[in-house]
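For the record, the sequence lines run as chains A and B. Count along the first sequence from 1, then add 966; that gives the number in the working numbering. Count along the second sequence from 1, then add 293; that gives the number in the working numbering.
Just so you know, not all the hints are guaranteed correct.
To be verified - Far from chain B by the CB rule (all over 12 Å, computed), these chain A residues: (1) S1010; (2) E1020; (3) A1021; (4) S1022; (5) R1052; (6) R1053; (7) N1056; (8) E1072; (9) M1092; (10) R1098; (11) A1110; (12) A1118; (13) N1122.
Stated by the list, open to error - Incomplete in silico selection of chain A near chain B, CB under 7 Å: (14) P1055; (15) L1075; (16) V1112.
What the hints contain is simulated information worked out from the structure, not anything from laboratory work. Just so it is clear, CB atoms sit at the ideal spot from N, CA and C, and this is done for glycine as well.
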Amino acid sequence: MCTRLIGILGALVLLAACSSTPETPPGGPGGPQSLGGPGTGSRSGLPGSQQDLEASAGDRVFFAFDRSDITPEAQQILARQADWLRRYPNVTVTIEGHADERGTREYNLALGERRAQAVKNVLVAMGIPAGRISTISYGKERPAVVGSSEEAYAQNRRAVTTVN
Amino acid sequence: MTRSRRIFAGAVTTALVTLLYLGVTARAELRIDITSGKIEPMPIAIPSFLGGAANESQAGRDIAGVVSADLERSGLFRPLDPRSFIQNISASDAQPRFPDWRQINAQALVTGLVTTQGDGRLRVEFRLWDVFAEQQLTGYGYTTTQQNWRRIAHIIADEIYKRITGEEGYFDTRIVYVSESGPPDKRVKRLAIMDQDGANNRFLTDGRALVLTPRFSPTAQEITYLSYANGAPRVYLFNIDTGQQEVIGDFPGMTFAPRFSPDGNRVVLSRAENGVSNLFVLDLRTRRPTRLTDSQAIDTSPCFSPDGSKIVFNSDRGGSQQLYMMNADGSEVKRISFGSGKYGTPVWSPRGDQIAFTKIDGGSFFIGVMRPDGSGERLLTRDFLVEAPTWAPNGRVLMYFRQTPSDSRGHGGSTRLFSIDLTGSNQREVITPQDASDPTWSPLLR
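Bound-form chain A, shown alone:
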């Protein structure tokens, strides 16, 4: 019982240390992971898996309305993604580009593609071979968060790195 408590506290301290930089908007899914039992390896998934990527680096970056430029916060997340990709050189990824619902359908497909490409360009500039990264756009078709609110829209303007 006592050792379990210490284990939980230890995990708390570790996670707090890792997540000190505000890398995502409030409530962003790329932030600190929820606490569970004492440090289980399966919580962050197998090495090189999607869960491992999410735990180590964060799997997504966000964009301002109608924009595809990479913010400083996004830059930090992508730097960690690049580190992670270097650690697992056999992993290939697909960058999914998305838009919120406040635009027309075809333009949003193109905007999602532009966002995905913007992320790919950053990863390539950080040394990841372009052949390991493909892109796909879903425009406004696949919101991550439902609801017609600014909070939901901010979560939906995103590029998500998914392990193939």
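Given chain A's structure and the hints, the job is docking chain B onto it.
Same frame as chain A, but now just chain B:
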């Protein structure tokens, strides 16, 4: 594969029915001017068509019902309540007792007859009468299979519309659209087709692959659309009669936003390469693509003019989403939208005189029209989200979809089709079995 026009199962043959001349004094022509804004709908009486056998008189009631509904929905006609009729029409070719119809203030009267031919096919005759001039205006006879009675009703409604307004009708048409179901973050989308009045709705795809933005061919029973089948967004052709689907935009990178050329032989579309989207035209016979734009921007939503000489499209090459015009070979690009806000989804009217579009300004969405040179911008409707206008073949009516906001649990949002006159009046919901978006209007089926 030949790009020939298909004669499909609903073929209808026509014969002009002899006009009855009743020697009468000249009078002002029975006519509606549909360009003049708010119109007082013309009172018209449409009694059930006559029929001897039970199936014939049933068809006679059904056809009169569909004709009435089409004309009423146009906003230009007011079919009178049959319970107010004084004369009981007993012969469709005899002169009506006009004073009876004048008494209930009918300006126009439609009579008809349904018979069965020796080969089992239905023969339907109708006559349109000018009640005050006491004259038959027009009349035709049609022959088709029993099951095809709806098409005859729509063809008759088009004839009446044309005779009274001077414009081609739009009732003998179909709509292909995207049928939607499920929560917003797990939306299931299927291509569906229906008559323009909502009848005969059927699904064309099974919902396993995301499908978007279908567009009718002007010359064949064919759709071009975007599908994520096989995990990659590509432009496809769908044959409505056979159900066969084939990819036509199989380049590396996403192809999307397809539209047919007016001759049906080419598809203009957007192709994404390295984050940039440019316009290409694809010859359907050779499958060879020709590049039209080479910008570092988003160029999308292209649409040919009805004469095929120009293309209007959507681009943010100037810094924001606007409408541009160019020659069909990609030369002489110029911007045509200059109002406040952003513009998208440009669609050229079949009459060539207007371009419809979606506009986003101050957080609201609008459906609007402008002349091809960009002047005369008029906004027809405004809402939380309205998008994707498509023109009826007579260039007088638009259909689009409207989406309402959803709450944080994803409830409350609905997506439905609506139609509206070019004048901005007569906005109506189009009834579909599920939620619906991305409508495309067929040409007249005849």
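Numbers of unmet hints, in rising order: Those not satisfied are hints 8, 11, 12, 13 and 14.
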